[in-house]
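Novice: Position chain B with the ligand against the provided structure of chain A, taking the given hints into account.
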Amino acid sequence: MRIVIKYTKKGKIRYISHLDTLRVLQRAVRRAKLPIKFSEGFNPHAKISIAYPLSLGLESEGEYAEIEFTQKMRLTDVQERLQKCLPQGMEIIGIYTYQLSASLASLVSHQIYGFKVQIENTLDTVNVVQQILEITQQAYTIKREKKKRNKRVYKEINVIDFVEDVSVHSVQGDMLSINIKVKATDIGSLKVEELKTWIREKVDGIEIRKISRVDLNFIDKSWLIEYN
Amino acid sequence: MDNYKLDQLLLKVEKPARYIGGELNSVDKSKEKVDIRFAFAFPDVYEVGMSHLGMHILYQLLNERPDTWCERVFAPWPDMEQQLIEHKTPLFALESTDPLCEFDIIGFTLQYEMSYTNILNMLKLSNIPMESHDRSDNHPLVFAGGPCSFNPEPLHAFVDVFFIGESEEQLPKVLDIYNQHQHNGWNKQAFLEEICQLQGIYIPSFYDVVYKEDGTIKERVKKNNKAPDTIKKVIVKDLDISYYPDKIIVPFIETVHDRVVLELFRGCTRGCRFCQAGMIYRPIREKKPETLIKQVDQLLQSTGHEEISLSSLSTGDYSQLMPLAEALLDAYEKEKISLSLPSLRLDSMSSEMIDRIHSVRKSGLTFAPEAGTQKMRDVINKNLTENQIMDTLKVAYKLGWSTVKLYFMVGLPGEEIEDIYGIKDMAYHIKDAFFDRPKEEIKGNLKVSVSAACFVPKPFTPFQWDGQNTLEQFRDKTALLKREIKDKKISYTYHDPKLSILEGIFALGDRRLAAVLKNAVSKGCRFDGWSDYFDYALWMKVFEEENIDYTYYNHRNKSFDEVLPWDFIDSGVSKDYLIKEKQKSLNEEITDDCRLNCTGCGINHQLLGGPCFENRN
Ligand code: SF4
Numbered sequence: 001m002r003i004v005i006k007y008t009k010k011g012k013i014r015y016i017s018h019l020d021t022l023r024v025l026q027r028a029v030r031r032a033k034l035p036i037k038f039s040e041g042f043n044p045h046a047k048i049s050i051a052y053p054l055s056l057g058l059e060s061e062g063e064y065a066e067i068e069f070t071q072k073m074r075l076t077d078v079q080e081r082l083q084k085c086l087p088q089g090m091e092i093i094g095i096y097t098y099q100l101s102a103s104l105a106s107l108v109s110h111q112i113y114g115f116k117v118q119i120e121n122t123l124d125t126v127n128v129v130q131q132i133l134e135i136t137q138q139a140y141t142i143k144r145e146k147k148k149r150n151k152r153v154y155k156e157i158n159v160i161d162f163v164e165d166v167s168v169h170s171v172q173g174d175m176l177s178i179n180i181k182v183k184a185t186d187i188g189s190l191k192v193e194e195l196k197t198w199i200r201e202k203v204d205g206i207e208i209r210k211i212s213r214v215d216l217n218f219i220d221k222s223w224l225i226e227y228n
Numbered sequence: 229m230d231n232y233k234l235d236q237l238l239l240k241v242e243k244p245a246r247y248i249g250g251e252l253n254s255v256d257k258s259k260e261k262v263d264i265r266f267a268f269a270f271p272d273v274y275e276v277g278m279s280h281l282g283m284h285i286l287y288q289l290l291n292e293r294p295d296t297w298c299e300r301v302f303a304p305w306p307d308m309e310q311q312l313i314e315h316k317t318p319l320f321a322l323e324s325t326d327p328l329c330e331f332d333i334i335g336f337t338l339q340y341e342m343s344y345t346n347i348l349n350m351l352k353l354s355n356i357p358m359e360s361h362d363r364s365d366n367h368p369l370v371f372a373g374g375p376c377s378f379n380p381e382p383l384h385a386f387v388d389v390f391f392i393g394e395s396e397e398q399l400p401k402v403l404d405i406y407n408q409h410q411h412n413g414w415n416k417q418a419f420l421e422e423i424c425q426l427q428g429i430y431i432p433s434f435y436d437v438v439y440k441e442d443g444t445i446k447e448r449v450k451k452n453n454k455a456p457d458t459i460k461k462v463i464v465k466d467l468d469i470s471y472y473p474d475k476i477i478v479p480f481i482e483t484v485h486d487r488v489v490l491e492l493f494r495g496c497t498r499g500c501r502f503c504q505a506g507m508i509y510r511p512i513r514e515k516k517p518e519t520l521i522k523q524v525d526q527l528l529q530s531t532g533h534e535e536i537s538l539s540s541l542s543t544g545d546y547s548q549l550m551p552l553a554e555a556l557l558d559a560y561e562k563e564k565i566s567l568s569l570p571s572l573r574l575d576s577m578s579s580e581m582i583d584r585i586h587s588v589r590k591s592g593l594t595f596a597p598e599a600g601t602q603k604m605r606d607v608i609n610k611n612l613t614e615n616q617i618m619d620t621l622k623v624a625y626k627l628g629w630s631t632v633k634l635y636f637m638v639g640l641p642g643e644e645i646e647d648i649y650g651i652k653d654m655a656y657h658i659k660d661a662f663f664d665r666p667k668e669e670i671k672g673n674l675k676v677s678v679s680a681a682c683f684v685p686k687p688f689t690p691f692q693w694d695g696q697n698t699l700e701q702f703r704d705k706t707a708l709l710k711r712e713i714k715d716k717k718i719s720y721t722y723h724d725p726k727l728s729i730l731e732g733i734f735a736l737g738d739r740r741l742a743a744v745l746k747n748a749v750s751k752g753c754r755f756d757g758w759s760d761y762f763d764y765a766l767w768m769k770v771f772e773e774e775n776i777d778y779t780y781y782n783h784r785n786k787s788f789d790e791v792l793p794w795d796f797i798d799s800g801v802s803k804d805y806l807i808k809e810k811q812k813s814l815n816e817e818i819t820d821d822c823r824l825n826c827t828g829c830g831i832n833h834q835l836l837g838g839p840c841f842e843n844r845n
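First to last, the sequence lines map onto chains A and B. For the record, in the first sequence the residue sitting at position 185 is 185 according to the numbering used here, with numbers rising by one throughout. Take the position in the second sequence, starting the count at 1, then add 228; the result is the number in the numbering used here.
What the hints contain is simulated information worked out from the structure, not anything from laboratory work. No experiment lies behind these values; they were computed from the predicted model shown. Do not take every clue at face value.
Residues of chain B placed beyond 12 Å of chain A at every Cβ, according to the derived structure [to be verified]: (1) Pro306; (2) Glu669; (3) Lys717; (4) Tyr780; (5) Asp795; (6) Lys812.
Listed below are the simulated EDC-like cross-link pairs for lysine to aspartate or glutamate, each with C-alpha atoms no more than 16 Å apart in a straight line [as the list claims (entries may be wrong)]: (7) A/Lys33 - B/Glu534; (8) B/Lys240 - A/Glu193; (9) A/Lys37 - B/Glu534.
Using N, Cα and C, we set each Cβ at its ideal position, and we do this for glycine too.
The shape of chain A in the complex, shown without the other chains (with noise of 0.2 Å):
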């Protein structure tokens, strides 16, 4: 039986990286006693795997695993045992039975980040507000650098080629939570590094004061149903 769970990584959890987070989830599951399948072959490794790597500092409110069992089990059982063996910061907030042949890791379409910007003057809020709402309509390059053979090579992006969206999601006070949505291709993804300039370069007004990866989108969603 396949399972999903979607989990929070905020707080100090934060800090470890993608490798270590699946060997968290890894230990988790051993310690909670669940019917974790392991691949065949010489070096058997338990069947889990993360969907999309998220960057190491940033928190999140939406990842996504897959789990394999070797039997049915009751979701609210399993999320009840394996909640209890996470570590503070991680929180399972979803929890779907999976049956698609695809993996989950190849339905990520897009990534979510969420931006909480402060507005220097309130009585700009308008303008801001409206800077961002017109942000994809203007092109905007950055200069990607890659070390090949210790030769360094420069690529030229478009950031609006890889952003969906972006919508203001609240205003309270003087600050403004912004959603951006990012396309995950084939060919890759925008950095948070990039996003951040990028918003800096063409919002005046404002300061980012945190970010974090919000959700994560799917091609097929199918599987994504509440089951309670």
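Specialist: Just chain B with the ligand, lined up with the frame of chain A:
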């Protein structure tokens, strides 16, 4: 520290997970509810420190006390060090993120000499005066223990209290006394005077050392008449009833020992003459298989580890090894938990067993002949013959192994050029044995790797009087092997001789080296065990500035009647025994494993009050 401030640091370093704490089985307490705040300090980077079993034992032991909160602190990697300095933030403990200067006691573990500068640097980064006499009653106390405390003198100026031997039983006693003193009005001097009367406790400030004109030690003078003349090491007599944690911290990041480590026994009976551990951890004390099986079960439950590693100085010597291994495999194989056994002895194992021990397949066969010729192995009393290795290899090759690792030392006392060539010869014989078989039997791709370390004479060994090879000698020998070993199937690596030279100086050093350490730290020396940060030239400059001829410490042959800096410590093994062993080594005479026959090292009288192997089997 508030979270915002911490984030500013963490976002700028390469591996922030080293500093976040909060791992499974780490302990959080409320600082208002404890009397003693203890910082267990490991003077190396997180991954190295977390791989150290002793730290885990003491951490859980201390945290079982309701009156104590033991936290951890590791040497910050240079990128974090830079952030701490830039943000004017003192070094902090992982659990509470409070600065070290707010603690009552900082306890350093001394695992290797090359971490000494990190100790000083950690104090410096905590804004705590490095030298004990500059610390007031309000500063934290500085404790130190671990194998290097058997020669504590180079650190005498910085440490308030040394623990000699195994501190599981002594540390709690010292903390009890500390608490009493705190409740009755704290006076550091009075506290030190009381604890110095406990076995294994050394207070360096209670003594002075007087030197002769030639630089050797004339005598030690007591400055406090409560202080004992000799410091006798402490041992845990019965490991079956001594404390062992049922949980250990599981790091988020991968460390060297990402597994349940079972300590089968302490001590070793082989009596290799170069080996300090083999002498200072005497006598041998085994745990019963029942004890071990219970411990492994609890630890697997509480950690979720996937591997069990049996560890001891010479694991293959454990009297119940095969029954234990079998019991563990039977119990955990189904759960895909693998068993790893370092230093394997294939001759005593069935091929079915070999097959079940997963790790062996992965990592290949490891041998530590230490020297290349039988003569040299007799000198160092390494009872392993080439025939024994060959017999094992024949079995192993047949079973499909093709990776062999060999560990050697160069610069051993009495070594001649033939002995260096012997290293090469042995490697070639091992290769030949692989191909000297019928064609159809040869499978796999043979890989023989030869590693050569540079010998460092250590206190409390029969070689403590021997001078270490010079840098040039080491270079000649390691280079000779580099030239001579020219075979696609055999790879060769060697340790940096410079590092071993410095290790020798501090291993054999005395109080006068404290000034050198202080100067070196002020010049930026730290992480000396890491080749990226080790700066030999800088060290040489420091010796020059301090007007110290380092060759006095490591390159000089000493006479048996010279007073050695560590003579005031009683390791339980008598000096007479060490002298006898040194003389036997000159005659290339071996000493049997004392499991077979007591060879009279003295530990039984000194520490046990009875024979080592009473009631065994
Ligand atoms: S007293 Fe005898 S048996 Fe015990 S460690 Fe010493 S030599 Fe070995």
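Novice: Now, for every hint given, state plainly whether the structure supports it.
Specialist: Evaluation of the provided hints:
no. : hint                : in the structure
1   : Pro306              : holds, 18 Å
2   : Glu669              : holds, 22 Å
3   : Lys717              : holds, 24 Å
4   : Tyr780              : holds, 46 Å
5   : Asp795              : holds, 48 Å
6   : Lys812              : holds, 47 Å
7   : A/Lys33 - B/Glu534  : holds, 13 Å
8   : B/Lys240 - A/Glu193 : holds, 13 Å
9   : A/Lys37 - B/Glu534  : holds, 14 Å
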